[in-house]
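All chains should be built: construct the whole structure from the sequences, respecting the hints.
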Amino acid sequence: MIQSIHSRLESFRQQGRAPAGSLIVTVFGDSVLPRGGRIWLGSLIRLLKPLELNERLVRTSVFRLAKNQWLQAEAHGRRADYVLTHSGRLRFEEASRHIYASRIPVWDHRWRLILIVGELSTRERERLRQALAWQGFGILNGDCFVHPSTDLVAAFDALVADGLSSLLGRLMPLVAADSRSALSATDVDLVGRAWNLDKLAQAYSAFVADYLPILAELRRDHSARIDAEEAFLLRILLIHDYRRLLLRDPELPDVLLPPDWPGQTARMVCCELYRRLFEPSEAHLDKTMHLADGTVPPRQIMADERFPANDLLPVA
Numbered sequence: 173m174i175q176s177i178h179s180r181l182e183s184f185r186q187q188g189r190a191p192a193g194s195l196i197v198t199v200f201g202d203s204v205l206p207r208g209g210r211i212w213l214g215s216l217i218r219l220l221k222p223l224e225l226n227e228r229l230v231r232t233s234v235f236r237l238a239k240n241q242w243l244q245a246e247a248h249g250r251r252a253d254y255v256l257t258h259s260g261r262l263r264f265e266e267a268s269r270h271i272y273a274s275r276i277p278v279w280d281h282r283w284r285l286i287l288i289v290g291e292l293s294t295r296e297r298e299r300l301r302q303a304l305a306w307q308g309f310g311i312l313n314g315d316c317f318v319h320p321s322t323d324l325v326a327a328f329d330a331l332v333a334d335g336l337s338s339l340l341g342r343l344m345p346l347v348a349a350d351s352r353s354a355l356s357a358t359d360v361d362l363v364g365r366a367w368n369l370d371k372l373a374q375a376y377s378a379f380v381a382d383y384l385p386i387l388a389e390l391r392r393d394h395s396a397r398i399d400a401e402e403a404f405l406l407r408i409l410l411i412h413d414y415r416r417l418l419l420r421d422p423e424l425p426d427v428l429l430p431p432d433w434p435g436q437t438a439r440m441v442c443c444e445l446y447r448r449l450f451e452p453s454e455a456h457l458d459k460t461m462h463l464a465d466g467t468v469p470p471r472q473i474m475a476d477e478r479f480p481a482n483d484l485l486p487v488a
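Counting in my numbering, the sequence shown runs from 173 upward without gaps.
Everything labelled a hint here was simulated from the structure, so no lab data went into it.
Ideal Cβ positions, reconstructed from N, Cα and C, are used throughout, including at glycine.
It is possible that part of the hints are untrue.
To be verified - Here are the in silico distance ranges between beta carbons for each label pair: (1) D426 x D458: 38 to 44 Å; (2) R231 x R471: 24 to 30 Å; (3) E291 x P385: 49 to 55 Å; (4) M344 x L262: 20 to 26 Å; (5) A348 x R218: 48 to 54 Å; (6) E291 x R231: 38 to 44 Å; (7) A348 x R416: 45 to 51 Å; (8) R218 x K371: 26 to 32 Å; (9) S377 x L287: 32 to 38 Å.
So this is what it looks like as structure tokens:
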């Protein structure tokens, strides 16, 4: 037993009511999608039971995800697989690009804007705000969403996947060229208006405090054997916690971030720890994850296809 891993898992279990729906989303995106995007409900229940998620809670959460068109059931006799819907797969693939992709490329100093140019109801406006916030957009004055580097076509495709296609005719995508004078506001001024980076920095620092001690212990003891089940559980918590941070992170270029930005350290910790957990956690999935017909879906991805090796930098 590796004490720091055991302590992190126990700390999670003692929190009380677990965020079942969010954890199931993490399992599907991290572990099920690379194995074909389907899993027998019984296997999902078995995988999550050690995190104190009981069968009733998992079933209820899965049914809710199906109702919201993330998943759909496919019956096989008395059993059922749960499969990602087309829109659900698009959402997960977009999330994977945020979580596992390499570092942000050099910025071209042009801002991507989405303007509201038609009437939106309060409910439509809130749904749009949430969907674009998930994509990392900041908001200026209610009718202007801003991002430093996103692909606007992909951003609109993601809105369609989120069920917001009816809004597209009232939105205008623009790319802003740099025509500022010496007296105009700066890019850093814009960042300060569009995003609250102080709270995000605190959250990233807390993430590092939770997971860096585990990584440090694994670095010290190269002969330590990681229990396969604990490796899987920690991998899920790691990605679950990191994904929730990325939901709030606009992934700004380095030139727009404060000095010593903790998000960079958090990514390095997540990257190296994930790669160390990958093989034992995959062994647990090989043993535990089945389809309704009893077959074991093979892995279709390797660790180095997710967090690239150039993200493995020294962490103090």
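Point to revise | Hints violated by the structure (numbers, ascending) | key: 7, 8
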